[in-house]
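> Could you put the whole structure together from the sequences, leaning on the hints where they help?
Given next are the chains, with one letter for each unit.
Number of protein chains: 2
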Amino acid sequence: MAAKPGIPKGTRDFSPAEMAKRNYIFDTIRNVYHLYGFQQIETPAMENLSTLMGKYGDEGDKLLFKIQNSGDYFSKLTDEELLSRDAAKLASKFCEKGLRYDLTVPFARYVVMHRNEITFPFKRYQIQPVWRADRPQKGRYREFYQCDADVVGSDSLLNEIELMEIVDTVFTKFDIRVCIKINNRKILSGIAEVIGESDKIVDITVAIDKLDKVGLDNVNKELSEKGISDEAIAKLQPIINLSGTNAEKLTVLKDVLASSEIGLKGVEESQFILEALSTLELKNEIELDLTLARGLNYYTGAIFEVKALDVEIGSITGGGRYDNLTGVFGLKDVSGVGISFGADRIYDVLNQLELYPKDALFGSQLLFINFGEKEAAYCLKVLTKVRKAGIRAEIYPDFGAKMKKQMTYANNNQVAFVAMVGENEMAEGKISLKNMETGEQKAVTIEELVNIIKK
Amino acid sequence: MAAKPGIPKGTRDFSPAEMAKRNYIFDTIRNVYHLYGFQQIETPAMENLSTLMGKYGDEGDKLLFKIQNSGDYFSKLTDEELLSRDAAKLASKFCEKGLRYDLTVPFARYVVMHRNEITFPFKRYQIQPVWRADRPQKGRYREFYQCDADVVGSDSLLNEIELMEIVDTVFTKFDIRVCIKINNRKILSGIAEVIGESDKIVDITVAIDKLDKVGLDNVNKELSEKGISDEAIAKLQPIINLSGTNAEKLTVLKDVLASSEIGLKGVEESQFILEALSTLELKNEIELDLTLARGLNYYTGAIFEVKALDVEIGSITGGGRYDNLTGVFGLKDVSGVGISFGADRIYDVLNQLELYPKDALFGSQLLFINFGEKEAAYCLKVLTKVRKAGIRAEIYPDFGAKMKKQMTYANNNQVAFVAMVGENEMAEGKISLKNMETGEQKAVTIEELVNIIKK
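Chains B and H, in that order, give the protein sequences.
Per the UniProt record's numbering: the first sequence = residues 1 to 455.
Per the UniProt record's numbering: the second sequence = residues 1 to 455.
Some hints could be false.
Given that identical chains are not distinguished, each listed pair holds provided it fits within a single copy or across any two copies.
Claimed, not checked - Only pairs whose alpha carbons sit at most 30 Å apart, straight line, appear in this in silico DSSO-like list of lysine-lysine:
| no. | residue 1 | residue 2 |
| --- | --- | --- |
| 1 | K93 | K76 |
| 2 | K62 | K89 |
| 3 | K307 | K385 |
| 4 | K381 | K283 |
| 5 | K4 | K76 |
| 6 | K4 | K55 |
| 7 | K430 | K405 |
| 8 | K55 | K9 |
| 9 | K358 | K385 |
| 10 | K173 | K385 |
| 11 | K9 | K89 |
| 12 | K405 | K455 |
| 13 | K265 | K138 |
| 14 | K455 | K388 |
| 15 | K9 | K76 |
| 16 | K89 | K76 |
| 17 | K358 | K404 |
| 18 | K385 | K454 |
| 19 | K332 | K265 |
| 20 | K283 | K213 |
| 21 | K385 | K402 |
| 22 | K173 | K402 |
| 23 | K265 | K381 |
| 24 | K4 | K332 |
| 25 | K388 | K21 |
No lab work stands behind these hints: they were computed from the structure.
Keep in mind that this is a model prediction, so the values were computed, not measured.
See the structure below:
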């Protein structure tokens with residue numbers, strides 16, 4: 001007997017039930033992207049390593065899955081090189097391709113390669129798996145999907161506004177209550193500038209973020225420990241204590257940041273976005289949150305993050321504006337703004353809150369019991385008509401199968417209705433239809449059957 | 001300036017227009033699979049090499065994309081091993097994982113791993129990319145999609161019947177005229193048995209296949225050259241000359257194969273399938289074709305193949321019945337039957353015949369021209385309503401953009417309607433709506449706009 005097969009660690013099979021749930025998530029996001037004029041692209045799973053390397057930092061480079069060249073790659077190596085056993089150096093001789101690590105770098109590569117075909121602003125979305133040789137752990141996989149939407153080639157804040165509306169619409173459709181947090185890199189830069197500590201943005205936001213947990217004194221203590229001067233800490237007090245509505249926060253910030261051009265620009269941008277959103281009657285709260293500090297190496301304007309209100313889990317969606325998507329590939333001045341839905345975490349939230357709509361979890365709606373060849377031949381013709389009406393239907397294939405086995409099949413596949421056609425039914429042109437949930441059973445015509453199931 | 005980026009040879013980017021076409025193909029196939037009770041699974045892109053190796057022959061093993069192990073794989077190798085430069089042998093030390101080469105082996109692995117969760121018969125479909133390190137050429141890629149459906153754990157011929165109906169339905173939906181060819185491995189075995197040349201099935205079918213092109217004499221000459229005896233060739237004459245309806249062909253075969261148990265079984269199976277199908281009013285012709293010899297190493301019963309009638313291209317769909325899907329992984333007696341749609345070839349056929357329905361190629365249905373901040377703020381609220389009605393709509397994001405640029409954007413993205421809202425329209429609560437195809441323009445309310453676009 002062969003060895004029992006397995007799959008690589010950190011990867012997953014998806015069963016029909018899991019696929020139905022995942023498709024519900026992807027289809028919901030995709031449909032909302034479409035409503036907002038985003039168009040799909042796909043890029044190959046493999047990219048040249050020259051495209052991927054150096055884009056994710058040294059740690060990222062190590063997490064790339066590299067694909068071994070075909071052919072005789074050894075002949076090009078000297079004995080010395082081989083015996084050096086320098087894995088990192090030799091990998092570059094053995095491998096020219098790697099699996100994509102995210103969707104952003106392949107998108108940047110796509111924009112540069114196809115810039116003459118693209119009409120800017122380019123609103124693209126992309127839903128594809130990515131691969132990372134990370135240490136697998138709960139909720140972290142080596143293969144997982146990203147669902148990104150970006151607008152590139154436009155500086156307009158309308159894009160930020162629409163992306164926030166997309167976030168609100170998607171989570172409203174999922175029935176997940178969320179708080180949408182928004183910040184602006186320029187406000188953070190302004191704060192650091194005003195207090196004279198431009199290089200300590202991250203330390204400051206991290207410390208402020210602890211206010212609820214540790215109290216004001218401890219926040220100030222931490223700031224001091226991070227080497228921030230007493231004078232600067234004093235200036236920070238209105239910001240640490242920032243509270244109230246978004247409008248109230250912005251009023252305080254405008255005051256504190258009065259001397260910082262970039263800070264005021266950030267306040268102005270945030271004000272524009274938040275005011276426009278307030279007229280659009282979103283279902284979820286949008287909160288200006290200065291402690292939001294994701295992607296500070298990357299984002300240059302608005303920064304977003306979404307937290308689920310009813311489940312303890314990290315961020316389930318995030319994004320922001322960046323200035324220079326494609327510079328690394330030699331194309332300057334392509335700015336953009338994007339969001340990324342965390343499909344795997346959304347999956348966990350929907351599971352935990354049991355929010356999957358019943359009809360998202362479909363198998364067949366109707367199973368015909370197989371009573372034998374003559375009856376099956378009759379059922380096949382009925383099936384053709386039922387399917388033409390758009391009903392997902394099947395007949396149990398095995399002629400001799402016991403009723404119990406057929407009903408188990410119906411139950412395990414969560415079939416909603418079972419149809420029985422024996423001699424009597426064939427003579428009368430009827431079908432005995434059983435509702436598997438209520439147990440109710442009655443003889444109906446094909447037309448009646450279609451109406452009952454489609455109801 | 002950085003080097004101009006490219007993608008690995010044999011791989012492709014898909015633009016929004018190409019994605020729309022591809023999604024039309026995948027969605028059509030997927031929806032038909034659903035109507036017949038097939039359920040989707042997905043497996044990881046990476047499989048253990050122990051799962052993949054030895055399943056596709058020596059040639060196939062060479063075409064696997066192998067993924068380099070992380071970490072220090074060199075330390076486990078002796079100097080001797082390294083200096084041997086034996087690429088094939090050392091690859092097994094460097095690599096434990098590979099990219100999937102088809103969907104069948106991962107499916108077999110899935111069935112074995114999950115056999116205790118699966119209710120048989122298991123009707124699964126799978127639409128995912130596969131990777132092969134083949135020499136790229138026109139129409140042959142290193143990354144391409146397969147769209148497979150299989151029923152495993154059932155010997156019933158109802159499965160064959162339904163798969164043929166699926167093929168007919170899918171190509172009817174595509175509006176591609178096809179001939180569905182069907183054969184049976186058992187008939188071929190019977191023929192070889194009857195003429196006493198059991199090991200020459202392939203030679204015989206290849207020779208017979210040339211009848212139309214080279215004539216009977218040359219077919220017989222080729223058979224003789226292949227070492228088939230004159231007596232056997234004489235016995236083959238009724239089969240080489242086989243013609244007429246499927247029923248007529250079966251009658252001749254029953255006669256010729258009278259002494260072969262397996263041959264008669266093949267005739268009986270084909271008869272059962274073809275008779276059932278004749279009652280189901282398929283749109284495309286089904287033809288019993290003894291020269292159909294695909295997958296003879298693999299298929300044990302029915303064999304199918306689909307040819308497009310209006311385009312010169314190879315088979316665009318194929319499949320058949322197999323006896324032992326999972327034996328190689330230690331699980332015996334799992335028989336099944338499956339089909340695989342060739343999405344890339346179907347893409348080419350639809351392109352060549354220009355058969356894509358207009359609404360499959362969608363971008364936004366509606367673009368709002370951006371006249372400035374005040375007008376845009378007004379349009380955002382209209383957009384919310386329009387999208388709630390299910391219309392794919394957007395506003396040009398940049399406030400200062402020239403009209404010409406905005407209209408170019410609309411044209412290049414094939415937007416169907418353009419909406420203009422200036423001071424007058426805002427005062428009157430109307431929208432100037434322009435039909436981009438006819439050029440017609442009129443002032444409408446939101447409700448009228450929705451009705452016009454949804455029509």
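> So, for every hint listed, does it hold in this structure?
Hint by hint, here is what the structure shows:
Proximity of K93 to K76 under the C-alpha cut-off of 30 Å is found in both arrangements, the shortest distances being 8 Å within a copy and 19 Å between copies. For a Cα distance limit of 30 Å, the shortest separation of K62 from K89 qualifies both inside one copy, at 12 Å, and across copies, at 25 Å. In this assembly of identical chains, the alpha carbons of K307 and K385 lie at most 30 Å apart only when taken from different copies (26 Å versus 47 Å within one copy). Taking the closest pair of Cα atoms, K381 and K283 come within 30 Å of each other only across two copies (15 Å); inside a single copy the shortest separation is 48 Å, beyond that limit.
In this assembly of identical chains, K4 and K76 lie within 30 Å of each other by CA distance solely across copies; the values are 26 Å between and 38 Å within a copy. In this assembly of identical chains, the alpha carbons of K4 and K55 lie at most 30 Å apart only when taken from different copies (15 Å versus 39 Å within one copy). Taking the shortest alpha-carbon separations for K430 and K405, only the intra-copy value of 24 Å comes in at or below 30 Å, while the best inter-copy value is 63 Å. In this assembly of identical chains, the alpha carbons of K55 and K9 lie at most 30 Å apart whether taken from the same copy (25 Å) or from different copies (22 Å).
Taking CA atoms no more than 30 Å apart as the test, K358 paired with K385 passes in both settings, with 25 Å inside one copy and 27 Å between copies. Taking identical chains as interchangeable, the C-alpha atoms of K173 and K385 lie at most 30 Å apart only when they sit on different chains, with a minimum of 16 Å there against 33 Å within one chain. For the identical chains of this complex, K9 and K89 are neighbours both inside a copy (26 Å) and across copies (24 Å), given an alpha-carbon limit of 30 Å. In this homomeric assembly, K405 and K455 come within 30 Å of each other (Cα to Cα) only inside a single copy, at 28 Å, whereas the closest approach across copies is 48 Å.
In the homo-oligomer, the alpha carbons of K265 and K138 never lie at most 30 Å apart, since the shortest distance is 41 Å inside one protomer and 53 Å across protomers. For a Cα distance limit of 30 Å, the shortest separation of K455 from K388 qualifies both inside one copy, at 16 Å, and across copies, at 23 Å. Taking CA atoms no more than 30 Å apart as the test, K9 paired with K76 passes between copies only; the shortest distance there is 21 Å, against 33 Å inside one copy. Taking the shortest Cα distances, K89 and K76 sit within 30 Å of each other both inside one copy (14 Å) and across copies (17 Å).
Taking CA atoms no more than 30 Å apart as the test, K358 paired with K404 passes inside one copy only; the shortest distance there is 26 Å, against 48 Å between copies. Proximity of K385 to K454 under the C-alpha cut-off of 30 Å is found in both arrangements, the shortest distances being 14 Å within a copy and 28 Å between copies. In this assembly of identical chains, the alpha carbons of K332 and K265 lie at most 30 Å apart only when taken from the same copy (23 Å versus 69 Å across copies). In this homomeric assembly, K283 and K213 come within 30 Å of each other (Cα to Cα) only inside a single copy, at 28 Å, whereas the closest approach across copies is 70 Å.
Taking identical chains as interchangeable, the C-alpha atoms of K385 and K402 lie at most 30 Å apart only when both belong to the same chain, with a minimum of 26 Å there against 54 Å between chains. For the homomeric pair K173 and K402, neither the shortest alpha-carbon distance inside one copy (43 Å) nor that between copies (36 Å) is at most 30 Å. For a Cα distance limit of 30 Å, the shortest separation of K265 from K381 across copies, 25 Å, qualifies, whereas the shortest one inside one copy, 69 Å, does not. Taking CA atoms no more than 30 Å apart as the test, K4 paired with K332 passes between copies only; the shortest distance there is 13 Å, against 52 Å inside one copy.
With identical chains, the CA atoms of K388 and K21 are at most 30 Å apart both within one copy (26 Å) and between copies (24 Å).
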